[in-house]
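Chains S and P, in that order, give the protein sequences. Each step along the first sequence adds one to the number in the numbering used here, with nothing skipped, and position 181 is 230. Each step along the second sequence adds one to the number in the numbering used here, with nothing skipped, and position 53 is 56.
What the hints contain is simulated information worked out from the structure, not anything from laboratory work. Treat the hints with caution; some may be incorrect.
Said to hold, decoys possible - Just the calculated beta-carbon pair ranges, DEER-fashion: (1) F7/P x Y78/S: 49 to 57 Å; (2) F15/P x L97/S: 38 to 46 Å; (3) M115/P x A61/S: 35 to 43 Å; (4) E244/S x A120/P: 42 to 50 Å; (5) I16/P x I112/S: 34 to 42 Å; (6) A61/S x E135/P: 48 to 56 Å; (7) S98/P x M211/S: 29 to 37 Å.
Said to hold, decoys possible - Okay, derived cross-link-like pairs now, DSS-like style, lysine-lysine, Cα gap no bigger than 30 Å in a straight line: (8) K355/S x K379/S; (9) K322/S x K51/S; (10) K120/S x K344/S; (11) K51/S x K75/S; (12) K52/S x K6/P; (13) K283/S x K123/P; (14) K379/S x K369/S; (15) K245/S x K52/S; (16) K6/P x K166/S; (17) K52/S x K158/S; (18) K173/S x K6/P; (19) K276/S x K6/P; (20) K6/P x K245/S; (21) K123/P x K158/S; (22) K6/P x K51/S.
No residue lacks a Cβ here, since even glycine has one placed at the ideal position from N, Cα and C.
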Amino acid sequence: MKKVLMPLVMVALLALVPYLGVAFGKLDYLFGVVIPYAAVAILLLGILFRMVDWLRRPVPFRIPTTCGQEKSLDWVRQDKLESPSTPWQAALRVLSEVLLFRSLFRNTKAELHGGPKLAYGSDKWLWLGGLAFHWSLLVVVLRHSRFFFEEPPMPLQVLENMDRFLDVTVPALYLSGLVALAAATFLVLRRFRDEKVRIISLPADFFPLFLIIGIVIAGISMRYFDKVNVMPVKALTLGLAGFSLDAPSPIGSLFYVHLFLVCVLFVYFPFSKLMHMGGIFLSPTRNLPNNSREKRHVNPWNPDIKFRTYAEYEDEFREKMKKAGLPVEKQ
Amino acid sequence: MSKFLRTAVAFFIAIAVFAGTWLFMQSGHGTAAAAHAAVPAAAARVVPVDSTRCIAQTEWMRAHHMQLLNQWRHDSVREGNRTHVTRDGRMFDKSLNTCLGCHASNPMFCFMCHQYANVKPTCWNCHISPMESNK
Numbered sequence: 050m051k052k053v054l055m056p057l058v059m060v061a062l063l064a065l066v067p068y069l070g071v072a073f074g075k076l077d078y079l080f081g082v083v084i085p086y087a088a089v090a091i092l093l094l095g096i097l098f099r100m101v102d103w104l105r106r107p108v109p110f111r112i113p114t115t116c117g118q119e120k121s122l123d124w125v126r127q128d129k130l131e132s133p134s135t136p137w138q139a140a141l142r143v144l145s146e147v148l149l150f151r152s153l154f155r156n157t158k159a160e161l162h163g164g165p166k167l168a169y170g171s172d173k174w175l176w177l178g179g180l181a182f183h184w185s186l187l188v189v190v191l192r193h194s195r196f197f198f199e200e201p202p203m204p205l206q207v208l209e210n211m212d213r214f215l216d217v218t219v220p221a222l223y224l225s226g227l228v229a230l231a232a233a234t235f236l237v238l239r240r241f242r243d244e245k246v247r248i249i250s251l252p253a254d255f256f257p258l259f260l261i262i263g264i265v266i267a268g269i270s271m272r273y274f275d276k277v278n279v280m281p282v283k284a285l286t287l288g289l290a291g292f293s294l295d296a297p298s299p300i301g302s303l304f305y306v307h308l309f310l311v312c313v314l315f316v317y318f319p320f321s322k323l324m325h326m327g328g329i330f331l332s333p334t335r336n337l338p339n340n341s342r343e344k345r346h347v348n349p350w351n352p353d354i355k356f357r358t359y360a361e362y363e364d365e366f367r368e369k370m371k372k373a374g375l376p377v378e379k380q
Numbered sequence: 004m005s006k007f008l009r010t011a012v013a014f015f016i017a018i019a020v021f022a023g024t025w026l027f028m029q030s031g032h033g034t035a036a037a038a039h040a041a042v043p044a045a046a047a048r049v050v051p052v053d054s055t056r057c058i059a060q061t062e063w064m065r066a067h068h069m070q071l072l073n074q075w076r077h078d079s080v081r082e083g084n085r086t087h088v089t090r091d092g093r094m095f096d097k098s099l100n101t102c103l104g105c106h107a108s109n110p111m112f113c114f115m116c117h118q119y120a121n122v123k124p125t126c127w128n129c130h131i132s133p134m135e136s137n138k
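Between the sequences and the hints, there should be enough to build the whole structure, so can you do that?
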């Protein structure tokens, strides 16, 4: 239980830092301007560093994991998505993985049924929960554009209107926030439910989940329950988007809890498993076309070995071989 | 883990989502419970009092005006209760016109904040906004 409580306590303490800092320390400038800029800088540079680091790793051979018929003779139908043979097909496969989590759709689980009977069954819950979580978070992030543009671009406005189409509650309920909270809760509960998953779960798995839940709860509270003044918030975010260094007008400390936890997430991002966001595009088992049979891939750092052919060998020893009665190819 | 438990967890999450939605829906209607108790249902319709003071504190109005207007609409249209009693006992007609009676003096009163914060209220779907009426 320590590995669950530790991240939980850490998130709670991190949420308390800006609350105390703003409510009692008058550190609005630190939490509203200095830390956000620093966090975004760490996020961008960190992601850049790690992506460049990964991009520099050589991948000399094609090592995709496939689960379909590879390209073969003309009359054998190739499974172009499961065993791509061109870069475009591979890109399509990566895209379907990123947008639809196709490999997770095939997730199975093994169960022991009363003794030695081992049964495998399909398990789509993780796929569904993960999909709901990631898509709703994407919508939530895009929706926040209304704080960073004076007038957000048309597609983002349409997205926002779709998100609030239910038109229940005042202010209008955003579905994405609710789905994000429910899905994140499910992802936490999933780690408790099964003893095998519980054992392999680490603090690094719980911390980002708790952090995101904390951010979402703070955001939802600000909108529906404990209102903060939106005008200085917009002034601050517009300022941040325009690289201004002006001090923010007083805003409720709940806003700073939200903002600080987001900053923590940004700083944590490049150093954690959250880098799967960039890493999925660079995984060699996913992004390489499976064309080992039609094209020879040579390891570029193979040592330059001097090979000796049989013809050269025979040239040197032909007379001796003849004397010993060994067959030679050339007389 | 048993199929039953899996179904139970899914069921619990579904219930939690619906309960959460319901609470959200209710939260918009919560503020007026006190006003209901204070005003007898048969209270006569009150004309808006010309007042130099708003019905509530500026800070409170800034945060909650949308919930108050929503509540007023619910009370007046669906329950026929058109009298709002403030905490200090003043009475107002539950109508958007009560607000606009003072605030329409600046036709941009609603819009300067809503436009800045990119918030689009549904008021002007039916009501004539002060920007249109003052033209």
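For each hint, the structure was consulted:
Take F7/P and Y78/S: their Cβ atoms lie about 55 Å apart, and the range 49 to 57 Å holds. In this structure the hint that F15/P and L97/S lie 38 to 46 Å apart at CB holds, the actual value being about 42 Å. For M115/P paired with A61/S, a C-beta distance near 39 Å keeps the hint of 35 to 43 Å intact. For E244/S and A120/P, the Cβ-Cβ distance of about 48 Å falls inside the hinted range of 42 to 50 Å, so the restraint holds.
Hint check: I16/P to I112/S, Cβ distance near 38 Å, so the stated range 34 to 42 Å holds. Hint check: A61/S to E135/P, Cβ distance near 50 Å, so the stated range 48 to 56 Å holds. A beta carbon spacing of about 32 Å between S98/P and M211/S agrees with the range 29 to 37 Å that was offered as a hint. Proposed proximity of K355/S and K379/S is supported: the alpha carbons are some 23 Å apart, at most 30 Å.
Between K322/S and K51/S the CA atoms are separated by roughly 20 Å; this keeps the pair inside 30 Å, and the hint holds. With a CA separation close to 12 Å, the supplied pair K120/S and K344/S stays within the 30 Å bound. The suggested pairing of K51/S with K75/S is violated, with an alpha-carbon distance near 34 Å, which exceeds 30 Å. Between K52/S and K6/P, the direct Cα distance comes to roughly 27 Å. Compliance with the 30 Å bound is thereby established for this hinted pair.
In summary, the hint linking K283/S to K123/P is supported, as the alpha carbons are separated by about 15 Å, within the 30 Å threshold. Using a Cα cut-off of 30 Å, the hinted pair K379/S and K369/S holds, with the two alpha carbons roughly 13 Å apart. A distance of roughly 15 Å separates the Cα atoms of K245/S and K52/S; the hinted pair therefore holds under the 30 Å criterion. This hinted pair checks out: K6/P and K166/S have alpha carbons roughly 16 Å apart, not beyond 30 Å.
About 24 Å separates the Cα atoms of K52/S and K158/S, which keeps this hinted pair within 30 Å; it holds. Taking the CA atoms of K173/S and K6/P, the gap is near 13 Å; set against the 30 Å cutoff, the hint holds. This hinted pair does not check out: K276/S and K6/P have alpha carbons roughly 42 Å apart, beyond 30 Å. Under the criterion of a C-alpha separation no larger than 30 Å, the hint pairing K6/P with K245/S is consistent with the structure, at around 16 Å.
A hinted pair counts as satisfied when its Cα atoms are at most 30 Å apart, and K123/P with K158/S does not qualify at roughly 47 Å. Only pairs whose Cα atoms come within 30 Å are accepted, and K6/P paired with K51/S is accepted, the gap being roughly 28 Å.
Going down the numbered hints, you'll see the structure goes against 11, 19, 21, while the others check out.
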